[in-house]
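Enquirer: Sequence:
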Amino acid sequence: MMTSHEEFLDTRRFDGTVVVAAIVLYRTPLDLLERCIRSLMRQHLSADAKIVLAFRDNDCGSTLPAVAGLIDTLGLADRVILWDAGDNVGFGRAHNAIFAACRKVMGDRAWLHLCVNPDSIYHHRAVSAMVAFAAHHGFRGLFEARQFPREHPKPYDKQDFRTNWCSGCALLIPSSVYAELGGFCDDFFMYCEDVDLSWRTRLAGMECRVVPQALVQHDVARKGRDNDFERRHMIISGYKLARRYGGAKFAKAMGDMMRELLSPEELRQIAAWDKSFKPVPVPQGCDIPTFDHQFTFAQARW
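All residue numbers for the sequence shown refer to numbering that gives the first Met the number 0, where the first residue is 0 and numbers rise by one.
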């Protein structure tokens, strides 16, 4: 049960909108995952929309047997189109792997790739709101759910709901857009990959938008988090983002922090990356990449 199972759902016989809830696992507590999956399966969808599940375990498949048992218990075996496993390649690369594998199952049809944090809980109308909103905008761009009870501090326009960038916590990406942009950049292990994807989306002439009626609860304060590990990777990703987009001042600040926090071997890896990375072409005078507001990458609302 650890490979793609096209027989679970022949998507090519379904004429409606398929939403692939893509879930990346890494030693994920089963109780959190169960809450998330139950919330996805309780979505109020129209008859022409369907949610299926795709799993990627970044811990070489260690949790997949338990997850498979949970799926069987919930009676959702026919909703899973992908079981995938490998090394811990981080958030963006894992979603790229899910997308590539699902593309083989889907064939030529279009679908919606929904990045789902396994510690999130979806309001029962969140996915339908995201699908309808994306359809209204021609399935062009990125579409982010609103986090609650505490919203993300970055701003969005209250009229057209455009935002500087979309968080990957609950992010709907039309498959055509995913393919056009090449997915998430492999340079990022965790953090800032969603900012990078968003900026490339906008540079390609599309928009990033918040879906105001799509509510998702994200447990950012859960116990068991390795805050030092996460801080180090946030700084590394901030440095890479700044280097890719010409944010010299921000890159220098991140570089100073890295020299204090990283091991000599990690610093050597960053130095090697510095020699091979590809900067993102940004038109002169373009105001899309901004590093004036630290890791909010936009003027915070509070």
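Possibly wrong hints are sitting among the right ones.
[Said to hold, decoys possible] For lysine-lysine, the following DSSO-like pairs were computed, each having C-alpha atoms within a straight-line distance of at most 30 Å:
#1 Lys251 x Lys277
#2 Lys103 x Lys157
#3 Lys248 x Lys277
#4 Lys274 x Lys251
#5 Lys274 x Lys248
#6 Lys103 x Lys277
Source of the hints: derived by calculation from the structure; they are not laboratory data. Keep in mind that this is a model prediction, so the values were computed, not measured.
Enquirer: Indicate, hint by hint, whether the structure satisfies it.
Expert: Evaluated hints:
| no. | hint | verdict |
| --- | --- | --- |
| 1 | Lys251 x Lys277 | holds, 18 Å |
| 2 | Lys103 x Lys157 | violated, 39 Å |
| 3 | Lys248 x Lys277 | holds, 19 Å |
| 4 | Lys274 x Lys251 | holds, 16 Å |
| 5 | Lys274 x Lys248 | holds, 19 Å |
| 6 | Lys103 x Lys277 | holds, 28 Å |
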